[in-house]
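> Read off the chains here:
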Amino acid sequence: MFNYIAHRMLMMIPTLVVISIIVFTIIQLPPGDFLESYMAELQSQGESIDKQKIAYLRQEYGLDKSMPEQYWTWVTGLLEGDLGYSFEYNLPVREVVGDRMYLTIMVSMLTIIFTWIIAFPIGMYSATHQYSWGDYGLTLIGFIGLATPNFLLALVLLYLANVYFGVSIGGLMDEQYVNKPWTWDKFKSILEHLWIPVIVIGTSGTAGMIRRLRANLLDELNKPYVVTGRAKGLGEKKLLIKYPLRVSLNFFIADIGSMLPSIISGAEIVALVLSLPTTGPMLLGALQSQDMYLAGSFLMFLAVLTVIGVLVSDLALAALDPRIRLTGGATK
Amino acid sequence: MSINLNTFFTALALVVWLLGGISVQAVMADLPEEPLVTKMAPDQTIGKQGGTLYTLMAKSKDIRMMTVFGYARLVGFTRNFELKPDLLKDIIVEEGGRSFTLIIRKGHRWSDGHLFTAEDFRYYWEDIANNKKLSPFGPPQQLMVKGKPPTFTLIDEHTVRYRWDEPNPYFLPALAGARPLFIYVPAHYLKQFHASYTQAETLALLVDKYSKRNWAGLHHSRARQYKLTNPKLPVLQPWVNTTKPPSERFVFKRNPNYHRVDEKGQQLPYIDQVVINIASSSLIPAKARAGDATLQARYIRLDNYTFLKAGEKQGNYKVFLWKNARGSQVALYPNLNANDPEWRKLMQSAPFRRALSLAINRHEINQVVYYGLAIEGGNTVLPASPLYDKKFTKNWCQYDPKLANQLLDELGLTKRNNLGIRLLPDGRPMEIIVQSPGESTEQTDILELIRDHWRAIGIKLLTRPSQREVFRNRVFSGEAIMAVWEGLDNALPTAEMNPKQLAPSVQEQYQWSQWGKYYETGQGKPPQQPEVLELVNLHRNWMHAPNIQQKSDIWRQMLSIYADQVYTIGTVTGILQPLVVSNNLMNVPKEGWFSWEPGAYFGVYRMDTFWLKTKAGE
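Taken in sequence, the protein lines are chains A and B. Read left to right, the first sequence gives residues 1 to 332 (the numbering used here). Read left to right, the second sequence gives residues 333 to 950 (the numbering used here).
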């Protein structure tokens with residue numbers, strides 16, 4: 001087991017190196033660089049551009065260097081824990097991301113919990129009551145959640161919340177609490193705003209989870225070991241939770257790999273529509289303006305989380321399901 | 333030193349307050365000895381101090397708009413676009429525009445309480461503009477005349493002089509610009525970041541603290557007078573930023589040392605603080621309707637008008653319609669420098685450009701897209717400009733497909749294919765691909781209409797939307813044969829403003845970007861066409877024209893050539909800009925120009941004279 005983990009950890013290094021090269025290349029693929037898009041933006045607003053100043057900035061930011069050199073500066077910086085410099089914000093990336101990270105984690109965690117609370121009971125009910133009215137009804141609701149475009153649902157809820165509850169449009173709190181220390185009122189204000197993104201982002205995930213849980217559970221429900229358990233007199237509830245549910249949770253554990261990064265990135269489009277102060281819109285903006293270190297560091301961060309997440313889910317799977325064996329010569 | 337001064341004044345204020353004399357506010361305010369008395373415009377009234385103004389922006393870097401809106405300049409434009417001293421007590425122009433003597437108000441203080449003196453100009457000139465580390469390329473372009481910088485003389489504590497060998501007509505408009513040329517900085521504050529004034533070890537610590545590469549980077553990042561990203565930077569503007577970015581909410585507090593007062597002697601600005609909330613641009617109209625903004629124009633367009641109008645009562649605001657000062661809302665730019673030789677030849681031919689313009693039904697565009705509220709015509713100055721002439725708008729802009737067809741036939745483009753599309757001399761069908769930055773549906777709508785209009789003269793129009801940077805590169809490289817963009821940036825010029833937009837002068841001129849680049853940087857080839865050379869010549873003459881009369885003559889000649897040659901094809905102009913103004917907010921003019929240059933948006937209407945009837949939002 002130890003060998004296996006060590007091996008996996010070592011493999012993460014070349015993986016991340018390759019990812020970092022790809023990330024950096026992709027960000028640089030669109031023509032021009034940050035200063036080009038900066039000039040274009042200024043011009044569209046009628047502001048004039050001092051060519052000398054642009055030349056100076058290009059030198060100052062190191063944009064005049066060759067691509068491999070820029071990559072090298074960035075990567076060595078990353079190793080030292082320096083995420084680089086955001087041109088757009090004129091600040092180190094670390095400071096730019098700052099508080100947004102907490103709010104993003106909060107929104108995402110709540111969304112995940114919301115999804116679980118809704119999806120688990122429904123999935124279990126649907127599987128055990130297959131083809132019943134309840135199964136159809138709940139599935140229908142789930143599909144509606146999946147089929148409605150998130151941004152549309154977000155706008156509709158935003159409007160209703162504003163008209164009926166007087167919640168201010170957009171954002172995660174009333175404007176007077178921004179930049180203020182945490183108080184009870186601020187917390188309440190956040191709760192008032194939080195339910196919209198949680199519902200909007202959550203609904204789309206719910207349906208998928210219901211379906212997968214239902215399908216997996218159905219596969220297990222009629223297997224001999226379940227029948228045996230029942231024949232030996234186990235109660236229905238205990239039987240369900242202890243054996244088939246546990247087995248059908250494989251997919252759920254395997255999901256952890258992709259869940260970790262999504263906690264940080266959140267749902268970009270919804271966050272953009274709702275103008276949430278989370279990291280999603282920031283990443284999008286950074287990609288649009290070719291703010292390469294901000295975007296790059298961000299994507300790298302997500303990549304690291306994905307790699308760790310996959311490792312965690314692999315290990316958890318092995319622990320959960322004894323039928324899964326580690327390959328590569330290692331034995332448990 | 334600055335901190336001490338501030339503490340000193342606070343203490344002084346407290347003592348006076350304790351003695352029961354005057355209110356703290358009155359003492360804290362530290363006017364120059366000779367403040368600028370602002371006369372209210374006829375549609376404005378004397379107000380009272382206090383309150384908070386809320387406005388919305390989509391990006392946190394938009395807070396630079398406060399420098400634009402605040403519009404405290406060394407010299408600034410009035411509502412009628414005349415130049416008047418503002419921060420300066422006076423400015424004396426001598427030797428036919430070669431020598432400029434700037435006189436600073438006595439006792440004028442920066443927002444941190446430190447005196448504003450000639451030293452602030454000297455520091456900028458000697459320690460920033462001419463410091464190799466801070467300005468490796470020398471002083472800014474606007475300060476160079478024929479590549480030569482001015483001689484700077486420090487006359488006394490309140491007087492400085494800039495003198496050039498040749499007249500510099502760019503100087504004053506640059507100082508008055510929406511994004512002004514800052515030739516002064518808070519020297520007392522910035523010296524702590526400058527290698528000539530601070531020890532290397534101290535500086536190294538600061539460089540490290542702000543994660544900069546070197547002290548030059550540090551100095552720059554601390555000194556952004558336009559972008560306002562450093563809340564500690566003292567300013568002379570009406571409001572001072574107090575929030576460190578990044579943030580979703582920026583609070584601008586009144587500058588206690590501001591130099592303007594009203595006729596009753598009350599210090600401006602009236603409004604105590606301006607709060608800028610950041611929201612995504614698509615939500616801004618909805619938020620404005622919900623009453624979240626006291627004053628809002630940015631990120632609101634004419635399409636939002638009916639939506640906003642319907643919410644007037646609920647949101648307790650009024651919607652004003654101001655005018656936009658673009659030469660044309662949407663204009664077509666035939667690329668005279670296109671790579672394709674056939675198309676280049678056609679685009680360089682005046683009859684061809686005229687035919688394209690004549691074939692456009694501007695009235696239809698106006699009715700379909702702008703409810704008939706726009707002015708139809710070419711890309712030229714607006715009627716409100718003193719340089720306006722009706723013929724500039726009308727020239728080659730009447731809807732006359734017959735004449736257009738005739739012009740094309742005369743060019744020898746008579747062959748057509750079986751679809752009725754004319755053929756180029758080399759046999760290709762005439763398909764004009766219009767490159768668009770792909771950002772506004774407005775452009776797409778208008779192009780859709782023009783497609784039908786041009787079909788009638790046997791030309792097919794195709795649109796190719798891309799991204800802004802890609803779009804620019806295609807035009808610059810000559811790959812594009814035509815581009816769509818906004819018309820003239822400044823359609824409200826006076827004779828004193830530089831007519832550079834009418835002659836090749838910078839690369840960002842989509843009809844002749846390579847010629848523009850030639851005059852900007854000296855790279856590439858100059859134009860050969862007599863009319864274009866004439867424009868270049870006139871532009872040059874304008875710089876040396878000794879008086880306004882000659883300058884305005886030159887302007888008119890240039891406008892006349894530009895209109896006659898149809899270098900850009902305008903459609904409609906005078907588009908209205910909706911403004912959401914809270915019923916609580918007074919002194920916002922009902923009608924105005926919403927323009928970047930020369931109006932600085934709210935700048936020339938003096939946002940510091942806006943006031944709140946009751947303390948809004950509290």
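Keep in mind that the hints were calculated from the coordinates and are not lab data. Beta carbons: idealized from backbone N, C-alpha and C, even for Gly. Some hints could be false.
Said to hold, decoys possible - Simulated pairs of lysine-lysine, DSSO-like, Cα-Cα distance not exceeding 30 angstroms:
#: 1; chain 1: B; residue 1: K380; chain 2: B; residue 2: K438
#: 2; chain 1: B; residue 1: K380; chain 2: A; residue 2: K53
#: 3; chain 1: A; residue 1: K53; chain 2: B; residue 2: K391
#: 4; chain 1: A; residue 1: K51; chain 2: A; residue 2: K65
#: 5; chain 1: A; residue 1: K180; chain 2: B; residue 2: K564
#: 6; chain 1: B; residue 1: K857; chain 2: B; residue 2: K832
#: 7; chain 1: B; residue 1: K596; chain 2: B; residue 2: K576
#: 8; chain 1: B; residue 1: K576; chain 2: A; residue 2: K51
#: 9; chain 1: B; residue 1: K544; chain 2: B; residue 2: K523
#: 10; chain 1: A; residue 1: K186; chain 2: B; residue 2: K576
#: 11; chain 1: B; residue 1: K857; chain 2: A; residue 2: K53
#: 12; chain 1: A; residue 1: K65; chain 2: B; residue 2: K544
#: 13; chain 1: A; residue 1: K53; chain 2: B; residue 2: K576
#: 14; chain 1: B; residue 1: K677; chain 2: B; residue 2: K792
#: 15; chain 1: B; residue 1: K465; chain 2: A; residue 2: K180
#: 16; chain 1: B; residue 1: K792; chain 2: A; residue 2: K51
#: 17; chain 1: B; residue 1: K832; chain 2: A; residue 2: K65
#: 18; chain 1: B; residue 1: K722; chain 2: B; residue 2: K734
#: 19; chain 1: A; residue 1: K53; chain 2: B; residue 2: K544
#: 20; chain 1: B; residue 1: K480; chain 2: A; residue 2: K53
#: 21; chain 1: A; residue 1: K51; chain 2: B; residue 2: K478
#: 22; chain 1: A; residue 1: K51; chain 2: B; residue 2: K641
#: 23; chain 1: A; residue 1: K51; chain 2: B; residue 2: K544
#: 24; chain 1: A; residue 1: K180; chain 2: B; residue 2: K722
#: 25; chain 1: B; residue 1: K576; chain 2: B; residue 2: K544
#: 26; chain 1: B; residue 1: K792; chain 2: A; residue 2: K186
#: 27; chain 1: B; residue 1: K541; chain 2: B; residue 2: K596
#: 28; chain 1: B; residue 1: K945; chain 2: B; residue 2: K380
#: 29; chain 1: A; residue 1: K65; chain 2: B; residue 2: K380
#: 30; chain 1: B; residue 1: K596; chain 2: A; residue 2: K180
What the hints assert, rightly or not - A few chain B residues facing chain A, derived, Cβ under 10 angstroms:
#: 31; residue: Y386
#: 32; residue: P468
#: 33; residue: Q474
#: 34; residue: V477
#: 35; residue: T561
#: 36; residue: V583
#: 37; residue: K619
#: 38; residue: E644
> Check the hint pairing A:K65 with B:K544 against an upper bound of 30 angstroms on the C-alpha distance.
holds (18 angstroms)
> Does the alpha-carbon distance linking B:K576 and A:K51 stay inside the 30 angstroms limit?
holds (28 angstroms)
> Once the shortest beta carbon distance from B:K619 to chain A is found, is it less than 10 angstroms?
Status holds, d = 5 angstroms.
> Taking 30 angstroms as the top limit, are the C-alpha atoms of B:K480 and A:K53 close enough?
Holds. B:K480 to A:K53 sits at ~18 angstroms (cutoff 30 angstroms).
> When you check the alpha-carbon spacing of A:K53 and B:K544, does it fall within 30 angstroms?
holds (18 angstroms)
> With the threshold set at 30 angstroms, check whether the alpha-carbon distance from B:K541 to B:K596 stays at or below it.
violated (47 angstroms)
> Taking the closest Cβ pair, is B:Q474 under 10 angstroms from chain A?
With a minimum Cβ separation of about 8 angstroms from chain A (threshold 10 angstroms), the hint on B:Q474 holds.
> Measure nothing beyond the straight line between the CA atoms of A:K53 and B:K576; if it is 30 angstroms or shorter, mark the hint as holding.
Status holds; Cα separation ~24 angstroms.
> Are the Cα atoms of B:K857 and B:K832 separated by 30 angstroms or less?
holds (19 angstroms)
> Under the criterion that the straight-line Cα-Cα distance not exceed 30 angstroms, is the pair B:K596, A:K180 satisfied?
The given pair, whose Cα atoms are some 37 angstroms apart, is violated under the 30 angstroms limit.
> Please check whether B:E644 passes as an interface residue: C-beta within 10 angstroms of a C-beta belonging to chain A.
violated (16 angstroms)
> Take the C-alpha atoms of B:K576 and B:K544, compute the straight-line distance between them, and say whether it is at most 30 angstroms.
holds (17 angstroms)
In summary, the numbered hints that this structure violates are 2, 7, 15, 16, 17, 22, 24, 26, 27, 29, 30, 34 and 38.
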